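Peer 1: Going down the list, the sequences are from chains A and B.
Residue numbers are given in numbering that gives the first Met the number 0: position 318 of the first sequence equals residue 317, and the series is strictly consecutive.
Residue numbers are given in numbering that gives the first Met the number 0: position 213 of the second sequence equals residue 212, and the series is strictly consecutive.
Some hints here could point you the wrong way.
Beta-carbon label-pair distances, calculated as ranges [unchecked claim]: (1) E202(B) - A18(A): 21 to 29 Å; (2) R83(B) - R90(A): 33 to 41 Å; (3) W88(B) - Q203(A): 29 to 37 Å; (4) G188(A) - A21(B): 54 to 62 Å; (5) L76(B) - L464(A): 50 to 58 Å; (6) L3(B) - A18(A): 33 to 41 Å; (7) V177(B) - P442(A): 40 to 48 Å; (8) L19(A) - R83(B): 25 to 33 Å; (9) G188(A) - R27(B): 40 to 48 Å; (10) W88(B) - K59(A): 28 to 36 Å; (11) L101(B) - F55(A): 51 to 59 Å; (12) V105(B) - E60(A): 41 to 49 Å.
Taking lysine to any residue and the SDA-like style, the derived pairs with C-alpha atoms no more than 20 Å apart in a straight line are [claimed, not checked]: (13) K59(A) - Y51(B); (14) K119(B) - P183(A); (15) K119(B) - T207(A); (16) K214(B) - D278(A); (17) K119(B) - Q187(A); (18) K214(B) - Q187(A); (19) K59(A) - L180(B); (20) K97(A) - F75(B); (21) K214(B) - D300(A); (22) K119(B) - V184(A); (23) K214(B) - T358(A); (24) K119(B) - P467(A); (25) K97(A) - K119(B); (26) K299(A) - S210(A); (27) K214(B) - A151(A); (28) K214(B) - K59(A); (29) K148(B) - L271(A); (30) K119(B) - D300(A).
Only some residues are given here: those of chain B computed to face chain A with a beta carbon under 8 Å [stated by the list, open to error]: (31) V136; (32) Y172; (33) D185; (34) F198; (35) Q199; (36) K214.
The hints are simulated quantities; they were obtained by calculation from the structure and are not laboratory data.
Since this is a predicted model, take the numbers as computed values, not measurements.
Positions of the beta carbon are idealized from the N, C-alpha and C atoms, including for glycine.
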Amino acid sequence: MEALFLVLGIPLVGGLVLALVGHRPYARDVNVAFSLGTFVAAVVLTIEIIADGPLFAWDKEFFIDPLNVFLVTLTAFVALTTAIFSRPYMRLEEEHGKMTPRRMRLYHSMYHFFSFTMLLALTTNNLGMLWVAMEAATLTTVLLVSVYRTPASLEAAWKYFILCGVGIAQALFGTILLYMAAHPVIGQGIEALLWTNLEAVKGQLNPTIMSLGFVFLLLGYGTKVGLVPVHNWLPDAHAEGPTPISAVLSGLLLNVALYAVIRCKVLTDGALHSRFAGDLMVGFGLVSVVAAAFFLSRQKDVKRMFAYSSIEHMGLMTFAFGMGGPIANFAGLLHMTVHSLIKSAIFFAVGHAAQKAGTQIMEEIRGLLKVSPTVGWGLMLGALAILGMPPFGVFASEFLILTTAMRDLPWATPLLLLALGVAFAAIFSRVQPMVFGDTHLKPLAHPPALVPVFVHLGLGLMLGLYIPPYLDGWYRQAARMIGG
Amino acid sequence: MDALIGQLINLFAAVMLILAFAMLSQRRIVTLIHLFTFQGLTVVGATVVVAYVTQQHHLYYSAALTLALKVALIPFLLHRLIDRLNVRWDIETMLNIPTLMLIGIVLVVFAFNLALPISKLSASIARGTLGIALACVLLSFMMMITRAKAVPQVIGFLTMENALFFAATSATYGMPMVVELGIALDVLVGIFILGVFMFQIREQFDSLDIRHLEKLKEE
């Protein structure tokens, strides 16, 4: 209970403190310290959950179970490594004149508020608060996307704000419908929006209202997941914002949005006794995977390309959760974890590479291995990992998803394989010359922070070879809970 | 008495719909803000009536919240914003207004059909208005799509929020208070961020025309 308080409290206090001192040179270390604090609190919370089982707090307003506790830990961990990465990265951005002290203060403060909103969305039991936190997550990042004040970044931020705002408004309508369905069963008041209460009576919720409600919820939160055709904000926001923000958007925010969809799917499944919700997710997921793979092959900007790769992988997870069943859900959760780790590692490496080259256009980034072997290897290994090469974890989860698809939805398998093939060809053929070949790049003034890259890749590798028993236990429990 | 109350709520709903159409076709920014304020007042009126009939006290609070936020504070901020940006008397050139109206009517019919099976299931006395609320959401959505300037797009966004609030009242007597406060906070923060944003856009492009913001496209 105290641990939960700290998990939410530390980033909130961190945001306030850094709003005051975020422009000072030592703010970079304060930023890491607060992120470390949040991570330690998350680990303590996790240990408590392993020991005592699911936890309620504050009149059941907060609820921790195996599904969200692993996401809380993952979120706190990636937020910590991103803070470590951003120390030298943002320092260089400041020296290159792209960041001023005022912008640094905004960046540091909003970074923690953003962590807070994500952790709030994950731990709250109240579906209304989940919505509020998701909207707040957009609000905290929108000014970070436009922090460089270039025309392109302003455009990206405007699109991000308007598209996600409209999308999330659809989710609010869905939440209203959900509340309406709960009304006759649970009655008026806050009790009728608590997920655990709804889950207990999900069989009695009105199916007509729930099915319409789920369509709105999927479209709404799906906008933030980056599902095609409501994905337009995602590549722009990833490409134009600072790289640490791209890493947390891709690695964390998309997961949290998908988590919201999954929570709603459990309720809808219980009310409908049909595959309606799952089929919708399978459809959206499949379209996202295929469309993203083809968009991906036409990109010139490296961060845009990996943003489309995120859409592809989020589509794959949506597809897996849509199929449902213990194996597909397990694979979806595993994929969520390894995608977060590896995609953020790639963004770290790409960030340093782009800083060396002074551009994000792939054709102008060449021969990273000669200038900085660690950045080069980080990028190369990250790209191989995300493309699903064994023995990395992505291979394991994609293999499970594909084999389940062969059994349950055989017609979808060739489409998935085609999309994965196109993505492989596109990304590999572009990353290869960036890493090898001749170069004109200059070394940077400060050594890059590459520990996070290799820690993430190492964890991704470990999950491909060996899943620790407690993690395996969580995945299984969470997968059973999602059902389908 | 009940019949009268029912008619009163329907009247408010009708006013909402008319205002949504008026905003869709309005080209003057300052008039748009006036219309938005009226819409806020209509929502407050409907909420107070429902609160009075059902004796749901929390609805009075949420009506007060709407009054403070959507009728007083946000219009005030918007007026200040257009003064400081010097766009008070701007007139927007838009595509064909009659066509917009026709598409709008189609949207209303669609929304009614979508809401029909749902509103039958609601216990609220205002259930008949759920279709209108959904229609208003769709109309404000269309308003956002068809506008080329930043301020009207933002007003479209806020109108959508109003319509959703109205939907919550008509479907379920409003959301729980905690959630409503959270939503209000989000809207308020959103307005401030948008304000900051518009100055940034104008500083960069010397105009608030969103058509400048169309460089990022897939080749």
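Peer 1: Taking the earlier hints as the rules, which of them does this structure contradict?
Peer 2: When the structure is compared with the hints, numbers 3, 4, 6, 7, 10, 13, 16, 18, 20, 24, 25, 26, 28, 29, 30 and 34 turn out to be violated.
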